[in-house]
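Engineer: Protein sequence lines, in the order shown, are assigned to chains A and B.
According to my numbering, the first sequence holds residues -12 to 344 in order.
According to my numbering, the second sequence holds residues -12 to 344 in order.
In short, the hints are calculated from the structure, not lab data.
It cannot be assumed that every hint is accurate.
Any copy will do: because identical chains look the same in the list, a pair fits if it lies in one copy or spans two.
As the list claims (entries may be wrong) - Dumping the calculated EDC-like pairs for lysine to aspartate or glutamate here, alpha-carbon to alpha-carbon at most 16 angstroms:
1. Lys315 / Asp221
2. Lys38 / Glu25
3. Lys91 / Asp149
4. Lys212 / Asp110
5. Lys217 / Glu189
6. Lys91 / Asp103
7. Lys292 / Glu325
8. Lys194 / Glu247
There are 2 protein chains.
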Amino acid sequence: CELLQLFTLHFMTFDSASTVPDLLSIFHEQEMTETVHETNGHGYLATFVGKNGRFVILRVHSHGLVTIDLQCYEEDNISQLDNLLNALETKLKALLNGNITRIKRLPALIRGAKVDRYWPTADGRLIEYDIDGVVYEEDSAYQNIKILHSQQFGNILVLNGDVNLAESDLAYTQAIMGSGKEDYAGKEVLILGGGDGGILAEVVKQKPKMITMVEISFIVIDGCKMHMRKTCGDILDNLKGDCYQVIEDCVPVLKKYVKEGRMFDYIINDLTAVPISTEPEEDSTWEFLRLILDLSIKVLHPSGKYFTQGNSVNLSEALTLYEEQLGKLSCPVDFSKEVVCVPSYLELWVFYTIWKK
Amino acid sequence: CELLQLFTLHFMTFDSASTVPDLLSIFHEQEMTETVHETNGHGYLATFVGKNGRFVILRVHSHGLVTIDLQCYEEDNISQLDNLLNALETKLKALLNGNITRIKRLPALIRGAKVDRYWPTADGRLIEYDIDGVVYEEDSAYQNIKILHSQQFGNILVLNGDVNLAESDLAYTQAIMGSGKEDYAGKEVLILGGGDGGILAEVVKQKPKMITMVEISFIVIDGCKMHMRKTCGDILDNLKGDCYQVIEDCVPVLKKYVKEGRMFDYIINDLTAVPISTEPEEDSTWEFLRLILDLSIKVLHPSGKYFTQGNSVNLSEALTLYEEQLGKLSCPVDFSKEVVCVPSYLELWVFYTIWKK
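All chains should be modelled from the sequences, with the hints used to inform the complete structure.
Structural biologist: Now the structure itself:
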């Protein structure tokens, strides 16, 4: 499988660059075939096809922006390409006579690689991870489950394309357990989701009375117990222990507990982030979120606490909407929130603590 | 100033996509002018010029990779473009009859913006920050100094294009002070660099005997005292206080201290990261680093500690080389290291503690 690399280089200048023709000689020296395109007044646009599948797009825009995009294959001679980009940079500097306000060459964007390194943040920013391998991939009835290896973060669980948790992310587990301010000893604990086993492994250490973990997909558990051991240790090797049990399927279990009048001291909802859509009436994720919240609060002890993740701190609209939902529950609640740095997320994340008024 | 946005979309398929001509109709419907380029056997390559400066590059590579790059201006109709990309995606899915192993649409890459949001990591990955403004920019004799505003990280100090410290990064300051395991009360402290004032502000709280901070550029201090107040508080408002003084120029001061036989309990080197170049004999940054290290160790109390940042945990070659340098100092030393998550760095960072054997 071939890789296509895209190098982008851009210049900003005060000059309206009348100097373009002088750049062309560089491409001609490389024996590249030139096409000048008609743009109907949108600046100068030329493309150049070279050896080995090289392709360059040169645009000179009317307000002093010059962009050069160079596409090439992985097996191309990279030092030769560096020389080409350097030559272009040097020539443009000379031509524009120092009237340059910015020169920017970005790391190559790679398409077609076996391992995808681009996993945008929840707030939509382009991010390249240092991922060098896929260690696990399965499809469940609900989602695509990947575990990818990152040089710095260890293995990363990715669900439906969202970075969920890496082995480096104890900070996530600590935050969703109340940031070290809670005492789980002797308590009844309900974990919703949490298939990576991180929360279960940490709560067990505090000797609670009983932890019930309800995970919708045992395929996540299977993957994590093999490949996320820095997170879960050996806790997922058995789905039942002295003070914990892991059972399947979330909503029916919650409904049963409501009927039985069960009460929990701590409920930790690790199921899903606050949906980004700000149309709560139309989005099924919102519906699911409200259903879980309402059922959970019913089985929460009057002096208990409910912990959950929110979303990226930058998604203030979605977070506000979630907080509005909290005001509409059948049982009145209060909440506090905390902003936490989870290493592999590459964006700050909001966590909520909710309790009955 | 115009913005050029680049949307990239790629498909991987088992099929050697013979189905390209069927895609062309979509571009023709958009009244785009087509050019098919001769690639000498490197797959199919066509470009399309449309209204408003739109430009599309369609490549079908021989091993089943299809790439579509769409360039447009900021003022273009983005929902129309989304429709175009959606139409292409739908059509390719139908044409390839489910034989698709990956569909990936990346967030737009933006060139020509007033504020540059792309600041690659030390290990060379492409990263987009949530930067929405430049609050300070000056050139000193040594470097370009920028303070940029990030939605989530607060203001960020960027020196010569490297993200140095954000207001969110107390973790950096704590790590380079020894991660809370040291007691600075009554101690003699030397800070090398540290122009953002973070270390100074934190050490002062612990009531040391005297802190001497040696910063090469008072322009950094001027910017930070105005725009990094979550980091430095009001400590930089005065360059001399009860238990601290800030003086200019590092090497001559160190040389004078060596001559006078001065000794410090703590030396915190916040000057510069370990150089990435692995040619220590040829790189002037390495020379500077060795000079500072050697002078510093001479004024370090026999039971004192020297703290410094290393670099990205992924740059293992550069880090190993630095550790080799530590073995070659005129005075034998030992060291330990710690990996820390500094929120705004978007990569894990190594910090060193060094002491005399």
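Engineer: Which of the listed hints are not met by the structure?
Structural biologist: Hint check: 1, 4, 8 fail, others pass.
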